[in-house]
Structure formats: C-alpha cells, structure tokens
Amino acid sequence: MSSDSGHRLRRRARSAVLLAVSLALAVLTAPVPAFADTYVPIDGAGSSWAANAVNQWTTDVKQYGMRVTYAGNGSSDGRQRFLAQTVHFAASDIPFQQHPTDGSSPENPTPNTYAYMPIVAGGTAFMYNLKIGGRRVTNLRLSGPVIAKIFTGGITRWNDPAIVADNPGLNMPAEKIVPVIRSDGSGSSAQFSLWMQNQQLSIWNAFCAKHSCGLGATSYWPTFAGAIAQSGDLGVSGYVAQSYAEGAIGYVEYSYAINRGFPVAKMLNAAGYYTEPTPYNVAVALLKAKINTDASNPAVYLTQDLTDVYAYTDPRVYPMSSYSYFILPTVTSKKVSTDAGRTLAAFSYFFECQGQQQAPDLGYSPLPINLVQASFDQIKKIPGAVTQNINIQGCNNPTFSRDGHNKLVDVAPQPQACDKRGPTQCVNGTGGAKSQTTPSKGGTRTSGGGGSTTGVTASGSPTPGASLRYDPATDQYVGAGGDGGTDQAVAGVPVALAARRGWSGEQTLMLLAAAVVLGLVLAPGAVSLLLGGRRSR
Amino acid sequence: MTAAPEPRDGDPTVAVISDGRDPAGVGRPWVPAGRPATPRRLRAKSNAADRVFRGGARASGFTVLVIMLAVGLFLSLRAAEALKAVGFRFVTTQEWQPDTHRFGIAAVLTGTVLIASVAVCFSVPLSTGTALFISEIAPRWMKRALVTLVDLMAAVPSVVYGLWGLFFLQGQVVGLARWLSTWFGWIPIFAVDGADPTNPLATASVYTASTFIAGITVSLMVAPIQCSVMREAFSQAPPGEREGAYALGATRWGMVSAVVLPFGKGGIIGGTMLGLGRALGETIAVYLIISPVFQIQPHILQNGANSVSALIALRYGDASGFGMSALMAAGLALFILTLIVNFTASSIVARSRSGAQSEV
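Protein sequence lines, in the order shown, are assigned to chains A and B. Numbers given in this note's numbering equal positions in the first sequence, counted from 1, plus 343. Numbers given in this note's numbering equal positions in the second sequence, counted from 1, plus 332.
Because the hints were derived from the structure by calculation, they are not lab data. Computed from a predicted structure; not experimentally measured. Treat the hints with care, since some could be wrong.
Away from chain B, derived, C-beta distances all over 10 Å, residues of chain A [said to hold, decoys possible]: (1) Asn416; (2) Arg424; (3) Gln441; (4) Ala517; (5) Val521; (6) Ser526; (7) Thr566; (8) Ile571; (9) Ala572; (10) Ala588; (11) Leu630; (12) Ile712; (13) Asp720; (14) Lys724.
Restraint-style ranges between C-beta atoms, simulated for each label pair [stated by the list, open to error]: (15) Ser589(B) / Ala858(A): 31 to 41 Å; (16) Gly862(A) / Gly517(B): 45 to 55 Å; (17) Thr530(B) / Ala505(A): 40 to 50 Å.
All C-beta atoms, glycine included, are put in the ideal place defined by N, C-alpha and C.
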C-alpha cells in the first residue's frame, strides 16, 4: 500500500517537472503564441477564383492561432457583404463597380474607408471535357475569336471549321459544345467580358444586343440557349468534370482544373503561340499589366488595367491573366475592431510574404516584388495593424531577385515549336492532365522533344504493343506517348451513324416488354375473374 | 387485426355522458327525480395547473399566428418598393434584372410549380406504397424499424440530398431522361430542344440540370412527411369495418381498397398537399442541381430550370438594396402560394372522415 502511494507520488512529481519544463520551453522558444491570445476570429467573403489560394492560407495561419473563415461565393457577393459590413474583408477580382455599364446598380463604398491589395495572380483557364473515339483530349488549342464565339453561342459544334483550324492534330468530333458559365455574380465573368470587350468587340456587342447585358464588363454572364449556368468556380469545374458532361467547356481559375485532373485549352496569344496559364506564362503576361500608382486616390490605387496584357507579343504570354484583390477596411466600424484589424494585418503579412511560395503549386502565380512592397504599405492602413519589419528577401517568393525584376520571367520556358500556330500540334497534356498525351492524327504528329518528354516521364517502358497503360487515377488507359507511331491507331476518326427513324425493332421490343409486364400483373386477376364468373353461372 | 374496438370519441358508448342518460340505456333518467331532464351542465373547477396550461397553450398558439403575420408583413413591407416600381408586370415578366427594373416571377414561379409537380408525381406513389406497407402488411418488428427509417430520411439535411442529386443521381437519371425524350418527345413537356437521339456521340448534358432531376431529388425529401401523414390516416381506419370486410370474405387487398383507402383519402390528399407545400419551398438541393434560366421552360427533361427559392439563394448575397426588395417580392409570392396550398389541403382534409385525426 505504502509503496504504491509512494510510486504514485513520485510519478506525480515527475509529471509536474515535465510539465514545468515543457511550459518553460514553450515560453522560451515560441514567441508567436504570446500573440495568439490577442488574435480574434475574422471572416471574409468573395472571389471563388482566388478561393483555392485563400483557403490554403487560412489553413496555414491556424498554426499561429489565427482563425480566418472565408466564403468563396463570388466577387459580387464579397463586395456586397463588405458594403453591408458583415465581413472583415472581401476578395474581389474587380474593384467596386461605381459606374457599372451592365445595368446593375452602382456600388457606392464610403470614400477612404477601404483599400485594394493584390493577393495573387492567376489565369482564367478554359477547362474542358472532350473525348475523341473514347479517349480524352488533353491538348486542345483555341484562338480568341473561337473562345468568344463558343461562350456567346456562335460556335456550337466541336468540329466547327474554326476549331479544326486551331487543332490540325485532332479529328474533332461532330459533338455539341456545352458552354458552362457562371450563374452568380462573378469576377471571372467580369474579367472574361472585359477581355471580350477589348479583343472581340463585335462578337460581344452582337451578343449583348440580344441578351441585354449593357455595353461594358458584366459580372452576370447572360444565359443563352445551350449553355449551362453553375454557381462558383467549384460548380463550373464540378459540372465539366462529370462523365455526362462530355463536350462541356467552362471558364475557371487554373487551379480548379488541376484539382479536378482535367486539361485546359491552350489559348492563342498575340505572338501566335498557344499557351497554357502556367505560373510562368501568367507572370510574363502580367509584366504588361498597368497598375495604378496614384496612392492619393485609394479608390483606384493598385487596380489593374489589362489592356496591354491582351496584346503583349512575348510568345510565353497567357492572355487571360489577372490579379485578384483583397478589399481591406481602413477605418474601424461596427464590424471591424482594432483587434480584428490586427488579426487581418497579420494574416495579410503572412500571405503576402510566405504564402506566395505556395502559389505555383496551387495553380496561381506569385506576386512580383513591387506589388508585395505596395501591399505591405496597404496593410499599414488597416486599423490596429501591427507593422512588421519583414526582410522582403526572406519571403522566398520565387519572383524576387536582387535587382527587383521578376525572376520568374527569366526562367519561364519558351513555348515549344509545335505550339506555334500552324500545321503541327503538341501532343502533351495540359492543366490537371499533364501526364496524358493525346496522339495526333497520322502525318501531322510532331516529334517535338518537349512533347515526348512529358509523356515519357509519366509512362512506363515504351515497348511497342504495350503502349497503353492503365491509369488508376483517371480510370482509363493512357498512351505511352514516347514512342511514335504505335498509338496512332487510337486517334480514330469518329463516325456518326444515322439511326433509323420511325418504327423499328427497338420500339417493337419495348412494346413487347410493356405487354409482358402488364400481362404478368393483370393476367392472374383476369383469369380468376373469368373462372369465378363461370363457376357462379 | 382482431383486437376489440377501443372506445373513441363519437362512439355511442362514450358519448352518453353529455346527454344526461345512463350508459346502460335502460331509459331511466340519470338526474334525480323531480327535476326537468335538461342536460347537466359540466362545471370543472379549474385549478392553477389547468389555468397555466391553458394560458400557455393559448399563448403559443397566438405566437405562431403572430409570427406568420409578422413574416407576411415583413415580406410585404420589404417588397413594396419593388412592387411599386413594376406593378402588375411583376407577374408577367420572365427576366430577372432588378437593377434595370425588368424583373418578374413568370419564369421562376412556373419553374417552382413544375419542380414541385414532378416531385409530387414521384413522391406520392412512393409514400402511399410505403405507408400502406407499414400500416397494413409489415410485421410488427419491421414496422418499427421502417418508421424509424422513414423518419431518418426526413432528418437528412437538404444540402446532402442536393450533393447526392448533383454528383450521383444526375448521372444515373440521364439515361431515363434520354429514353423518355427519345420515345415520348412528341408530348410537349418531354421534348428536348437540341437533343439528337440519332447521334450516338451526342452529349448527355442537354438532359442534365433539369426540372426533372431537381424534382426527383425533391421528391425524396418530401416523401417522409407525406408517408407519415398517410400512415397516420391509414392506421386509424376503424377496426370494425376492417373486420367486417374480412368477414365478408375480402382478401387483404380487398379490405385495403374497400376500407383503408377510402377512409384514408383525406390523409392521402392532405399528405400530398403538405408535401407539395414543402416541395415549393425547397431551396438548396434545387439550387445545387439546376442551371438557372429566366424564361418559362416547360420542357422538364431539358437543362435549365428555376425556382423562387433557388433564385433567392443565388442572388441574395450580391443583391443591391432594390434587388433585395425584388427578391423579397418573389419570396412574398412564394409565401402566398404556399399558404394557398396548405389552406386548401387543410380544408380538404377537414371534410374527410379521417380528417379529424390527421396532422394537417
């Protein structure tokens, strides 16, 4: 008994010492938890385009004791909720629409109560679900007018001559195109319509005259015959990825296509190359983004003008690149206390510095150094912000270099020769389906080095006869790519057979089946009625 | 099945207390001799507990009424601005662009009714069958398990139904929708614009995000409430009549069709209408599945549908002040429609035999 209690005492003493030591260690080594108790939960809403990045950051800052909730329900939703003061911050792809041209009512934020801060760059990608002869296409290329016509109902079939001209290596099927658009108010729709207005004005004007969407950018893409409207980037990418959605194409941020494992269309740029919204291509394109530097006017300071991006003639440019923004409060209000402001500032410092490292992995492009520096100044305007003296070189942002120019641009690879507009077409996959190659139809297949290396890295031994490999991730057979020729047979020519019209064997069978079922149900009763009737007589 | 009939309100054996005669029915007046045979006045002395209970019950009854009125009043007040701006065009316009004053509920209300109709078409046979099976056929142990299961179905959150409908059901139902439109496309509501049944490569997406699929999903959500109302009504069919039917040589189906179904008619109609009321207001599942269109879309198998509640869910977040008022007006229209449906239901049920005991 006594020895037992002695044991217990000793054990208790040991654990008390352990506890004291660990507490002391925690206090000594971790300065962050000292701050943690002063953070309050904050919440934000807005862009679903940037939601994949913001959600990653909110997860990352949990370790510092910050609780940030973010609802990616669309940029319009975020701006309205910021105006209604139900969120601490909003994320939006476009600034407040104070003079909207699409007929929506103007958003009137109180002057000098908010500031814009770029959070991340990215490309609006065209994710699609297309199969030729049962095999997924991963190397589709589209030029600007074709994209414009697809999303305004002008081109309705995949074998439209304009699409065939863009894709000399593919036997485009006579399938219907199903454009998937956003049903909610969305910054992606606004950016896309801005591009349309800038680059494809006649197509956009003709479309808008029919569907009454005003003369400028619109956050509400008009629905038109044949289109499917879904809410959020998640809704659009989710729809396109369904097996029944073959032939669908939708506009989402690049990261959504990667997450879904689906390819994105390569878009023709001003230099005549078809490019994909990789972090590199987006970074190159945004070199030409005109950022407003009028710091005296917070209503426009740091906002973007993408006109020159669309027309930039570097061969690596992805034309539909843009920045997404946070809308920060600069005064306290009934929603924003100084405690919330301090938390928001700390969160902002985190993602403007360390958070940018993850951008390329997520499918976004990190901010260049000038925008990060400008953002640091914007953060100081948040009420209650605790200024952090961050050594900007320590952020490990892949775009930073010693002399301040964008390093990502130096290392951005030039497009392959087969990506140039012309009779050849690269076979390597895009977006979330990089490992899947799409064989070209006979004759025009390129043996471009880039094309086959991507294929080979993912495939096993390129032995002839075993060129198909089962891919458990996508549940289908993919070509080995690397060795030319053997998988050309797979790129078969789709043939649509005309079904017989009128009465056919099928209808007879259906009638027969219905008769048998009816007979099974009714016959016993009818027979018993007959027999019973006879007996009673 | 063969249990003795329990005495109930309305049975002659119980009702005598108030008519002043003795239960045995011998004819002797129950009141003391020398006094006129007028009905005795019952005067219960209510104690504190009674008064509290009565007051509490009355108060909660009033509260419900007041809340309903407050909801109606709130909607009317908030909707006034929008309704004043467009007037009667609110009922006839199909578009929804409140900021340019071109908005109306012609399309969304039609869509709501269509989705609810599809839902009821599927849920009524399902719930009637389930209710009949539970109340008439299932053995006792199974009965309890089935009742729990059906209640469990009602407890599943609607967003779960929505996600299930979007990611699982839709892919499975596309085949049925294609078959219906291929062979019955000559019936206008089954027609699908842009469908090409002769082309084996044709995309299935014209059959997705439709009224039909939203309706099927909603039908599963309203079936439990319909089932429990109907089961309640069926189980109250008088045992005497059931046994009478058996005594006359009826089979089980004969008994059900001659006694239970006519008796439970009120419950069937009431349950159907109650389910319809719920289907009209179903939001998040519909929101997830449909691809909203702002024109009257009578082709139920074709992509594109809409409903008032889904419209509100879609637009309330980014609505401006006036847009919110327009959404409130749409909500008011739905509120009135649902009230009409439910009042109709309760008046039908009250007139039927089983109505007095029904839940509606």
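Hint check results:
Taking the minimum C-beta to C-beta distance to chain B, about 6 Å, the non-interface status of Asn416(A) is violated against the 10 Å cut. Its closest Cβ contact with chain B, about 7 Å, brings Arg424(A) to no more than 10 Å, contrary to its assignment away from the interface. Every Cβ of chain B is farther than 10 Å from the Cβ of Gln441(A); the closest lies at roughly 13 Å, confirming the non-interface assignment. Residue-level check failed: Ala517(A) sits 7 Å from the nearest beta carbon of chain B, not beyond 10 Å.
Once the 10 Å rule is applied to beta carbons, Val521(A) is inconsistent with being away from chain B; the minimum gap is 4 Å. With a least CB separation of 5 Å from chain B, Ser526(A) falls inside the 10 Å interface cut-off, contrary to its annotation. For Thr566(A), the shortest C-beta to C-beta distance to chain B comes to about 6 Å, within the 10 Å cut-off, and the non-interface label is violated. At the 10 Å boundary, the C-beta of Ile571(A) falls inside the reach of chain B, the nearest C-beta of that chain being 4 Å off.
At the 10 Å boundary, the C-beta of Ala572(A) falls inside the reach of chain B, the nearest C-beta of that chain being 5 Å off. With a least beta-carbon separation of about 5 Å from chain B, Ala588(A) fails to lie farther than 10 Å from that chain, contradicting its non-interface assignment. Here Leu630(A) stays apart from chain B, with its beta-carbon at least about 32 Å from theirs, past the 10 Å limit. Every beta carbon of chain B lies more than 10 Å from that of Ile712(A), the smallest distance being close to 34 Å; the non-interface claim holds.
Under the 10 Å C-beta cut-off, the non-interface status given to Asp720(A) relative to chain B holds; the minimum distance is some 30 Å. Against chain B, the non-interface label of Lys724(A) holds: every CB pair exceeds 10 Å, the least being about 26 Å. Roughly 25 Å separates the CB atoms of Ser589(B) and Ala858(A), a value that falls outside the hinted 31 to 41 Å. Here the CB-CB span from Gly862(A) to Gly517(B) is close to 27 Å, at odds with the stated 45 to 55 Å.
Our hint of 40 to 50 Å for Thr530(B) and Ala505(A) is violated, since their Cβ atoms are close to 25 Å apart.
Hints 1, 2, 4, 5, 6, 7, 8, 9, 10, 15, 16 and 17, counting from the list given before, are not met by this structure.
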